[in-house]
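Chemist: Chains as they are written, first to last, in the numbering used here: chain A, 8 to 261; chain B, 17 to 321.
What follows is a set of in silico ranges between Cβ atoms, one per label pair, in the way DEER data are often shown: (1) I53(A) / L74(B): 49 to 57 Å; (2) R11(A) / D136(B): 25 to 33 Å; (3) A196(A) / A92(B): 46 to 54 Å; (4) S179(A) / L153(B): 25 to 33 Å.
No lab work stands behind these hints, which were simulated from the structure alone.
A virtual CB, placed ideally from N, CA and C, is assigned to each residue, including glycine.
What follows is each chain in one-letter form.
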Amino acid sequence: MSVRSQAYAAFRICYFNGIIPLWRSPLLMAAVFLTPFSFLFFLFVIAPHALFPYGVVGGVLFTALFTGNGMLNDCAYLRLERQLQQVFVASPVSPLAYILGMALSELAFALPAMTLFLVILFLIQPIGVLAALGIVGLLLLTWLMATSLGFFISTLFSQLREIWPIGTLVFSLLSIIPPVFYPATEIPAPWRWVAFVAPSTFAAQLADRLAGLGGGISTGVPFVDSPYFDLVGLLAFTLLFGAAALFFARWREN
Amino acid sequence: MAILEARGLSKTYRKGPHPVRALDRVDLGIERGRLFAFLGRNGAGKTTFIKIASTLLLPTEGELHLFGHDVVREPALVRREMALVPQEGKLFYHMTPREHVREYLRVRGVSAEATKSRTDAILDEMGLLGYQDVPALRLSGGLQQRTLVAMVLATEAPFLFLDEPTLGMDPFARRQVWEVIRKATGRGSTVLLTTHYLDEAEQLSEELAVIEGGRVLYRGTGEALKSTVRREVRVQFTGAIRPEELQSFGKVFAERGRTVVLTTRASVRELTEVALARGAEVTVGPVTLEEAFLELVGRGIEEEE
Chain A
8 MSVRSQAYAA FRICYFNGII PLWRSPLLMA AVFLTPFSFL FFLFVIAPHA
58 LFPYGVVGGV LFTALFTGNG MLNDCAYLRL ERQLQQVFVA SPVSPLAYIL
108 GMALSELAFA LPAMTLFLVI LFLIQPIGVL AALGIVGLLL LTWLMATSLG
158 FFISTLFSQL REIWPIGTLV FSLLSIIPPV FYPATEIPAP WRWVAFVAPS
208 TFAAQLADRL AGLGGGISTG VPFVDSPYFD LVGLLAFTLL FGAAALFFAR
258 WREN
Chain B
17 MAILEARGLS KTYRKGPHPV RALDRVDLGI ERGRLFAFLG RNGAGKTTFI
67 KIASTLLLPT EGELHLFGHD VVREPALVRR EMALVPQEGK LFYHMTPREH
117 VREYLRVRGV SAEATKSRTD AILDEMGLLG YQDVPALRLS GGLQQRTLVA
167 MVLATEAPFL FLDEPTLGMD PFARRQVWEV IRKATGRGST VLLTTHYLDE
217 AEQLSEELAV IEGGRVLYRG TGEALKSTVR REVRVQFTGA IRPEELQSFG
267 KVFAERGRTV VLTTRASVRE LTEVALARGA EVTVGPVTLE EAFLELVGRG
317 IEEEE
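Given these sequences and hints, build the entire structure.
Modeler: As structure tokens, then:
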């Protein structure tokens, strides 16, 4: 199959794994909305209102990050419970087309919640067109990173029950504990560097900067304190997880 | 010329405390356009072979070529030529049979026009037209399995792997599927099928292999398999005759209220005379493929032990 056919295959997979189920069961979106809006609600109630915009940015990022959890669960379900991944492996569809198709279908699920958060963000924060485009690009990069990681992990296990807690653990660690819903300055100074272990920290800092919010980790080293460092960090994690999904995921068993 | 060729193919599963040798130096060739059946007990190695051949699983030793390409080193070249019905595969619950067939063909790069005509044809041939727009979650298990088989047969791929394709289907549906599989080979596709239904293997396959403990015990036609057994005649009795009286003639067992003896040609005359003298009704015929299979595999197990 040509590159064009593979790209078409990816869109087709997105259509039947993402669009059709959403169209027929819109309630499936509830899960994507519920968690980030619950966090936002708690932040609104218990935190100083100055932190609310961070919560909104966190909500957008959370939605993008949790596409990884959806990817992990969906891919594991199709492979282990339905045996359907096997139907695609034993076919001309390339691993890249399958992964991209599944990732796009997760994006389809996340898009309504993501859009709503973005609308709220644009309403409460004055953001220029370039910054808005930057945020959209950043969300796409985050989605790519999270879904690559989700696919990679999904291939490592042979039991669905082992996968469910792993997915929740990994993606909660990525999106709840790091400074995604709050500024990094809330972490005690000696421990701030730990936040860089999580790829979501880079995404969150970049998003906060693009949204005109401060509060990034300040080390005194000009490059590390610049947005370029965050971008490089996020790109590096995306490449790493992308490579893991493409070259180290178990497309076939051994 | 063989288009599937396995040489010394072995697979050992190393997970768990005890490694399991699922395939043991299997040599096998399947010619183009053939309908080849794999028979064996659960865990005999049939699915492992299909998984390796369809690039789902890596072998431990040996090699397998499909259309001249090595399945380990050139999987992308091999995958262009194949389609697979996995064992106990299930559908996307939200999609209808029509959507399953159409989407799978489109994903595989089949043109829109060909997809339309093939989808209509296969749904008709498989008796799915009445259910074509019903979401899979509302279909019975048999209809879901039929949809899965339809989706794969509609690809018209040169090599079709069908791992227990008629599992859970009623006898009518099974016959419908057999017809479509025959059409596929008539079109030039080669089919490798595993099944537990020995009548299916007998009806469909031109050639079969019996596998036990990861080794091929027999390879040839179903008819030839029946002729290899030690007791090639099946004598069936109804009436007042005790099974113990017949033990010396061969293997005796009860089947739906009748006594059945599997015996040799040489013993048939004496056996029927004994039975007729006691007023029993006697039916004589060749052993079934199932009986031949049971004897062959039983012998294989004895030798192993």
